[in-house]
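Please work from the sequences and hints to get the whole structure.
One letter stands for each residue in the lines below.
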Amino acid sequence: MTYTKGDLINLAILLIVGVVVIPMTISSGYWYTSILIPWLCLALATIGQQIIMGYTGQLALGAAGFMAAGAFACFNLILRVPGIPFVGALLISGLIAAAFGILFGLPSLRVRGIYLMVATLASQFFIIWMIDKFGWFKNYDSSGIITAQDIVIMGKPFTSPVEMYLVIVAVVTPMTLLAMNMARGSTGRNWMSVRDMDIAAESMGVSLLKTKLQAFAISSFYCGVAGALFAFTYLKSLEPVAFDIKLSFKVLFMVILGGLGTINGAFIGAAFILLFPVLLNYIGNNVFHGAIDATIISAIEQVVFGVLMIIFMIYEPLGMARLWETTKNKVVSLISKKR
Amino acid sequence: MVDQLLFFIEVVVGGLLAGTMYSLVALGFVLIFKASATFNFSQGAMVFFAVLAFVGFMQDFNVPFVLAFFLAVLLMVFVGLCTERLVLRPLMNQSEDTLLMATIGLGYVLEGLAQAMWGVEVRRLDLGIKDFPIPWIADNLKLFISAIDLTAGAVAFGMIIGLSLLFKYTKMGLGLRAVADDAGAASSIGIPLKHIMLLVWSAAGVVALVAGMMWGARAGVQFALVDLALKALPVLIIGGFSSIPGAIIGGLLIGAVEKVLEVYIGPFFGGAIEGWAPYVLAIFFLLYRPEGLFGEKIIRRV
Numbered sequence: 001m002t003y004t005k006g007d008l009i010n011l012a013i014l015l016i017v018g019v020v021v022i023p024m025t026i027s028s029g030y031w032y033t034s035i036l037i038p039w040l041c042l043a044l045a046t047i048g049q050q051i052i053m054g055y056t057g058q059l060a061l062g063a064a065g066f067m068a069a070g071a072f073a074c075f076n077l078i079l080r081v082p083g084i085p086f087v088g089a090l091l092i093s094g095l096i097a098a099a100f101g102i103l104f105g106l107p108s109l110r111v112r113g114i115y116l117m118v119a120t121l122a123s124q125f126f127i128i129w130m131i132d133k134f135g136w137f138k139n140y141d142s143s144g145i146i147t148a149q150d151i152v153i154m155g156k157p158f159t160s161p162v163e164m165y166l167v168i169v170a171v172v173t174p175m176t177l178l179a180m181n182m183a184r185g186s187t188g189r190n191w192m193s194v195r196d197m198d199i200a201a202e203s204m205g206v207s208l209l210k211t212k213l214q215a216f217a218i219s220s221f222y223c224g225v226a227g228a229l230f231a232f233t234y235l236k237s238l239e240p241v242a243f244d245i246k247l248s249f250k251v252l253f254m255v256i257l258g259g260l261g262t263i264n265g266a267f268i269g270a271a272f273i274l275l276f277p278v279l280l281n282y283i284g285n286n287v288f289h290g291a292i293d294a295t296i297i298s299a300i301e302q303v304v305f306g307v308l309m310i311i312f313m314i315y316e317p318l319g320m321a322r323l324w325e326t327t328k329n330k331v332v333s334l335i336s337k338k339r
Numbered sequence: 001m002v003d004q005l006l007f008f009i010e011v012v013v014g015g016l017l018a019g020t021m022y023s024l025v026a027l028g029f030v031l032i033f034k035a036s037a038t039f040n041f042s043q044g045a046m047v048f049f050a051v052l053a054f055v056g057f058m059q060d061f062n063v064p065f066v067l068a069f070f071l072a073v074l075l076m077v078f079v080g081l082c083t084e085r086l087v088l089r090p091l092m093n094q095s096e097d098t099l100l101m102a103t104i105g106l107g108y109v110l111e112g113l114a115q116a117m118w119g120v121e122v123r124r125l126d127l128g129i130k131d132f133p134i135p136w137i138a139d140n141l142k143l144f145i146s147a148i149d150l151t152a153g154a155v156a157f158g159m160i161i162g163l164s165l166l167f168k169y170t171k172m173g174l175g176l177r178a179v180a181d182d183a184g185a186a187s188s189i190g191i192p193l194k195h196i197m198l199l200v201w202s203a204a205g206v207v208a209l210v211a212g213m214m215w216g217a218r219a220g221v222q223f224a225l226v227d228l229a230l231k232a233l234p235v236l237i238i239g240g241f242s243s244i245p246g247a248i249i250g251g252l253l254i255g256a257v258e259k260v261l262e263v264y265i266g267p268f269f270g271g272a273i274e275g276w277a278p279y280v281l282a283i284f285f286l287l288y289r290p291e292g293l294f295g296e297k298i299i300r301r302v
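Taken in sequence, the protein lines are chains A and B. Just so you know, we're using our numbering here: the first sequence kicks off at 1 and counts up by one. Just so you know, we're using our numbering here: the second sequence kicks off at 1 and counts up by one.
Just to be clear, a hint being listed does not mean it is correct.
Unchecked claim - Interface residues of chain B toward chain A, partial, derived using beta-carbon atoms under 8 Å:
no. : residue
1   : LEU100
2   : MET101
3   : GLY105
4   : GLY112
5   : PRO234
6   : ILE265
7   : PHE269
8   : GLY270
9   : ALA272
10  : TYR279
Please keep in mind that the hints were generated in silico from the structure rather than gathered at the bench. The beta-carbon is built from N, C-alpha and C at its ideal position, and this holds for glycine as well.
Structure below.
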């Protein structure tokens, strides 16, 4: 895969901002623990959902289930395999989640649309139930909430917010690049041909079996890694309830509002879904001075998400990523016209 | 032996009656799917919205039962009107998946609105029917069947018969079926598409209200109703999306099977398998018969 000069410059700028500028300028832990860390973790999960939904066109609704599989796999690997490196545990948990993805992706060979959605709902409910009911997964902890182990890489613990943030950046960056490459390469072409018209794709020699299962595996790999990171850095605990169907819906919204079939849309969508409630709470506290009940605020948040979803479906099915592109192009053409 | 058999029958009957509740939600789904080929994911949210409004009118404004019911019906018609105008019409001729996602958004709006208007606490709904075993049946047949389950079953049964008759024998039902078959052709021979859509969404709203009342009377009116209503999806897969009898039989089947599994197999796995058993059952159905028991065969072309 070749990159244009512009791509490389963009990447370099992003990396410098992400790895050098942010850790040097932002010192408040709040920014890391409440915004940057969950944003990157959820964006990674959203990329996973994006691969299966935006690129391969399979309506799956079980991202949180695969995230839970990854999180608990990581917990058990670190607990039971002595001396396992954190990154190794992370990758293996991704693979375990991928195995679940293949298993629950099997129905996609027969069905599509809402039928598939129901089949993937089975994975959501089944995985959470399995973790909840078999004590082994939770190391027979009776309290229901397990504290996640500290992240230790090469003997050095990464426990402060900035350090954990850097770990996440180190995982998310290569995985994002990989996802972009896959999407632009023949793998992604196959996914998209299945999305646009699976029967036509099949008659042109694209193996549906291979393509769909591959997409499910890669998608749940991303979700699994994201779930492990989410549990170890953001939640700092492991509880199956944190990965309920609401989280799956959240990830789905991030994909749709961000823009179906775009990788940067995953980041935009995750940022929006994460930051909008923060903004609403801020308005509630500072403009109305807490006169509005917190439950009302979260209800309003729900209404706004729903309305936005409908509006985007009607006017811009390609989401905020597309909106961003068109605005950028308009600005660029405006500037160049003036010259 | 006799005791065990009686217990088994009791479990099955309890499951069947609980299944009618799923059927009621599935029914609303089927109505909309039949007329507009839209998977209305918000049906569960409509159940919650409708019954919460009904309870809210009764408890917060002291509106009498009948009037509250009437107001809730009006509200659901209004919701149907807004949905038709603001969501469905702009999305006409879009792909199924787009419509499905729009209804997920609609579901979020309804859930949020309901909670913003009426609050989040669990409300009790007393329909005057007790959640007790009916003494006559308990004495004579040694079966413990709750009155409210039986009422729900009867109501569901009545609605199904009513709707089936409506579809089959009225001019309106004929219009509905024509639109379901081919919306373009139907509108070209003068069937008012907009009215039909409004009608169907309102009918689905009323079905949602009734389903919500039955469920609410049993488990309290609360947000969990939305998740419970998700179980209508496997019901639809088993029954087929476009079949009213399918919705009923699918609901009964899911209700009975999940109870039997829960009681007889659940203890080996620590229980609570009814959370996912219906979905897994649906998967097996999908692999064997993707169009459901009564659905029309799906034929796709390039």
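* To do: Identify every previously stated hint that the structure contradicts and give their numbers, smallest first.
  => 6
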